[in-house]
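If you want the building blocks of each chain, they are given just below.
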Amino acid sequence: DQQVKQNSPSLSVQEGRISILNCDYTNSMFDYFLWYKKYPAEGPTFLISISSIKDKNEDGRFTVFLNKSAKHLSLHIVPSQPGDSAVYFCAASPTSGTYKYIFGTGTRLKVLA
Amino acid sequence: EAQVTQNPRYLITVTGKKLTVTCSQNMNHEYMSWYRQDPGLGLRQIYYSMNVEVTDKGDVPEGYKVSRKEKRNFPLILESPSPNQTSLYFCASRPAGTPLNNEQFFGPGTRLTVL
Numbered sequence: 001d002q003q004v005k006q007n008s009p010s011l012s013v014q015e016g017r018i019s020i021l022n023c024d025y026t027n028s029m030f031d032y033f034l035w036y037k038k039y040p041a042e043g044p045t046f047l048i049s050i051s052s053i054k055d056k057n058e059d060g061r062f063t064v065f066l067n068k069s070a071k072h073l074s075l076h077i078v079p080s081q082p083g084d085s086a087v088y089f090c091a092a093s094p095t096s097g098t099y100k101y102i103f104g105t106g107t108r109l110k111v112l113a
Numbered sequence: 114e115a116q117v118t119q120n121p122r123y124l125i126t127v128t129g130k131k132l133t134v135t136c137s138q139n140m141n142h143e144y145m146s147w148y149r150q151d152p153g154l155g156l157r158q159i160y161y162s163m164n165v166e167v168t169d170k171g172d173v174p175e176g177y178k179v180s181r182k183e184k185r186n187f188p189l190i191l192e193s194p195s196p197n198q199t200s201l202y203f204c205a206s207r208p209a210g211t212p213l214n215n216e217q218f219f220g221p222g223t224r225l226t227v228l
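Residue numbers (our numbering), protein chains in the order written: chain F, 1 to 113; chain H, 114 to 228.
Note that these hints are calculated values from the structure, not bench results. Misleading hints may appear alongside valid ones.
Below, in silico cross-link-like pairs of lysine to aspartate or glutamate (EDC-like), each with a Cα-Cα straight-line distance of 16 Å or less [unchecked claim]:
| hint | chain 1 | residue 1 | chain 2 | residue 2 |
| --- | --- | --- | --- | --- |
| 1 | F | Lys5 | H | Asp151 |
| 2 | F | Lys110 | F | Asp31 |
| 3 | F | Lys100 | H | Asp169 |
| 4 | F | Lys54 | F | Asp84 |
| 5 | F | Lys100 | H | Glu216 |
| 6 | F | Lys100 | H | Glu192 |
| 7 | F | Lys56 | F | Asp31 |
| 8 | F | Lys37 | F | Asp59 |
| 9 | F | Lys68 | F | Asp31 |
| 10 | F | Lys100 | H | Asp172 |
| 11 | H | Lys182 | H | Glu166 |
| 12 | F | Lys37 | H | Glu166 |
| 13 | H | Lys130 | H | Glu183 |
Across the chosen pairs, the derived CB separations fall in these ranges [unchecked claim]:
| hint | chain 1 | residue 1 | chain 2 | residue 2 | range |
| --- | --- | --- | --- | --- | --- |
| 14 | F | Ser8 | H | Glu216 | 21 to 27 Å |
| 15 | F | Leu112 | H | Gly210 | 25 to 31 Å |
| 16 | F | Ala41 | H | Thr126 | 19 to 25 Å |
| 17 | F | Asn67 | H | Ile125 | 43 to 49 Å |
Even glycine gets a Cβ: it sits at the ideal position worked out from N, Cα and C.
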């Protein structure tokens, strides 16, 4: 049972436009949500996080939105740059086990120059 | 340089031949974890450790063992590897506390093939 889902395996966006990556979850006990970026032949790197008590967190070009009632979060990248082309994973961590991470299946973003 | 290192980076082995993948971090992090990445399944947590001598199962622990005798090292042991353990493995570490303010750092990955 996939508790964290990324339903879009891939996404292509023009350079300079907005990229929106989506993630849905089923477990209402998740307290922390994170986004990671992964380039080929490298380990994932942390991008941005949000706590369940907030609905938005912003860091430069990256903004994460959390809709708890819909159990949905999204990552907005504005403006998108070719260097943003990577696989993006969302992840969630529950209150009862802050050392447990449940990852989604990933979305491959391609930013076209 | 702050980093998580894994060895080997690539390994091809045969069914049943015991192997160990090492993981080491130089950031004095309390928490360490192992993940596997498979196509269509994303990253799945195998085992994690909250500190020395404290480990717990993740979502897919079957067929794996871990130990945490020192803070910096967290080896992953496959006692009798099988072809379904062919995967890309990542080790990670972070400081204690919530995930929110404590970034998890990943190693470069180990690609394991079991024939």
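Hint numbers contradicted by this structure: 2, 4, 6, 12, 13 and 15
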